[in-house]
Amino acid sequence: MRLFLFQRLKRLIKIRLNEVPLDIQQNTSIRQLQEQQQLDADLMIVNGFPTSADYLIKDGDLVIMIKRGAMPSANELEALMMARHTPGVHARIAKSRIGIAGAGGLGSNIAIALARIGVGQLVIADFDQVEPSNLNRQQYFIDQIGLPKVIALKENLQRINPYVKIETFNGRIDPHNLTQVFAGVDVMVEAFDAPDQKAMLTTTHLQQSPDCPLVAASGMAGYASSNSIQTRKIRKNFYLVGDQITAAEPGQGLMAPRVSVAAGHQANAVLRILLGEDPE
Amino acid sequence: MNLQVNGAEFQFDTGSSIGQLLKQLDLHPDRVVLELNQNILNTADNINTQLHDGDKLEIIQFVGGG
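In order, the protein sequence lines correspond to chains A and B. Add 345 to a position in the first sequence, counting from 1, and you land on the number used in my numbering. Add 88 to a position in the second sequence, counting from 1, and you land on the number used in my numbering.
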C-alpha cells in the first residue's frame with residue numbers, strides 16, 4: 346500500500362533554471378516549465394546545448410531560457426560559456442588576470458580569445474590608434490578608425506563578454522612602467538610589433554618579474570606554412586611563439602591567417618599555463 | 089677562448105666583448121634578449137662587457153611583426 350502511494354505521488358527533481366536552484370516535478374517538459382515560470386524566452390538551452398520545447402527535464406539538468414538579443418545576466422552568461430568548457434576549467438580561468446602588451450594583430454586576437462574563454466581580468470596596453478592598414482589582420486572595424494586601440498578593443502571585448510574586467514593603458518610601455526602597468530598579472534603576453542620593443546619588454550620582464558610566466562612572439566609574417574609556427578620553452582617562465590625567422594619587411598607583409606595562428610598559440614599557451622600544463 | 093652560444097661551441101678571440109660577438113653573428117643589439125651564464129642582461133648596457141672562456145650565452149633574436 347505504501348509503495349503504491351509512493352509511486353502515485355509525483356516525484357520532485359532538482360534542476361537549475363537560469364542559474365537558480367529549483368525543484369520541479371518529474372516529467373516536466375521545457376514548454377511546461379516555461380509556462381509555469383512565465384518566462385519570456387525563445388532560446389532554450391539544456392546542459393549547454395539548444396533543445397526543443399518537448400524535452401523532458403531530468404534531475405540535475407542546467408536549464409537556461411533566454412530571449413534572443415537580450416543581455417543575459419553575468420551568472421547566466423557564465424553558465425552558458427561554462428557549458429562548452431571542460432569541467433573544472435572555468436573556475437580557474439575566471440579568477441585569472443592576464444597582461445597583454447600591444448593591441449595589434451597579435452594582441453587584439455589574443456584578447457578576444459581570452460575574453461571568449463572567460464578570463465576574469467585583462468590588462469591591455471597600446472599607444473597607437475586604429476588605422477585603415479590595421480584592418481587586414483587586427484580585430485577592429487571601419488567605424489573605429491582613429492580611436493585609440495585600447496578603447497576600440499575594450500568596446501569589442503565588451504560586446505563579446507561584458508563581464509570580463511578590462512583595464513587599459515593608452516601609452517608606451519618602457520622598463521620603468523612595465524611592472525606598474527601590469528601589476529598582479531598571472532601571465533604576461535608580449536604582443537608588440539617592433540623587434541626592439543619585443544626585446545625590451547622581454548628583457549625587462551625576465552629581470553623584474555622572473556616568477557611570472559611570459560609568452561612572447563617572434564616570426565609570423567607572410568604566408569609560409571602554418572606548421573612552422575611553434576610554441577617553444579626558452580627558459581623557466583619564458584615561452585616564445587612563432588617561426589623565429591620571418592620578419593615583417595618590405596615584400597613580406599603581415600597577413601591575418603598567420604598572425605592569427607601565432608595569436609592562437611599565445612592564447613593557448615596562456616590557457617595551458619593557467620591550467621598547470623606545459624605550454625610547449 | 090671557447091664560448092657556448094645557444095648550446096653550440098664557438099671559438100672566439102680572447103678578450104672579445106658582447107658587442108663584438110653580436111656583430112660577428114650579424115645580430116642587432118636592440119633586438120636581442122641576452123642571457124649570460126643564466127643571467128638576463130640589458131644588452132645596451134653590456135655591449136662592452138668582456139666575455140671569458142667557458143661563458144654560456146643564450147641569445148634570442150626578435151624579428152618584427154605582430
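There may be inaccurate statements among the hints.
Here are the computed distance ranges between Cβ atoms for each label pair [as the list claims (entries may be wrong)]: (1) B/H116 - A/E625: 47 to 57 Å; (2) B/M89 - A/I490: 19 to 29 Å; (3) B/T102 - A/I490: 48 to 58 Å; (4) A/E625 - B/N125: 22 to 32 Å; (5) B/G142 - A/F472: 47 to 57 Å; (6) B/G142 - A/G621: 32 to 42 Å; (7) A/E476 - B/L115: 23 to 33 Å; (8) A/R577 - B/M89: 24 to 34 Å; (9) A/V434 - B/A96: 15 to 25 Å; (10) B/T102 - A/D541: 29 to 39 Å; (11) A/R577 - B/Q126: 17 to 27 Å; (12) A/D541 - B/V93: 53 to 63 Å; (13) B/Q99 - A/H521: 32 to 42 Å.
By construction, these hints were calculated from the structure, which means they are not laboratory data. Fair warning: this is a prediction, and the values are worked out from it, not measured in the lab. The C-beta atom is built at its ideal place from N, Cα and C for all residues, glycine as well.
The hints, checked one at a time:
{"no.": "1", "hint": "B/H116 - A/E625: 47 to 57 Å", "in the structure": "violated, 27 Å"}
{"no.": "2", "hint": "B/M89 - A/I490: 19 to 29 Å", "in the structure": "violated, 55 Å"}
{"no.": "3", "hint": "B/T102 - A/I490: 48 to 58 Å", "in the structure": "holds, 57 Å"}
{"no.": "4", "hint": "A/E625 - B/N125: 22 to 32 Å", "in the structure": "holds, 24 Å"}
{"no.": "5", "hint": "B/G142 - A/F472: 47 to 57 Å", "in the structure": "violated, 42 Å"}
{"no.": "6", "hint": "B/G142 - A/G621: 32 to 42 Å", "in the structure": "holds, 36 Å"}
{"no.": "7", "hint": "A/E476 - B/L115: 23 to 33 Å", "in the structure": "holds, 31 Å"}
{"no.": "8", "hint": "A/R577 - B/M89: 24 to 34 Å", "in the structure": "holds, 29 Å"}
{"no.": "9", "hint": "A/V434 - B/A96: 15 to 25 Å", "in the structure": "violated, 40 Å"}
{"no.": "10", "hint": "B/T102 - A/D541: 29 to 39 Å", "in the structure": "holds, 31 Å"}
{"no.": "11", "hint": "A/R577 - B/Q126: 17 to 27 Å", "in the structure": "holds, 18 Å"}
{"no.": "12", "hint": "A/D541 - B/V93: 53 to 63 Å", "in the structure": "violated, 21 Å"}
{"no.": "13", "hint": "B/Q99 - A/H521: 32 to 42 Å", "in the structure": "holds, 39 Å"}
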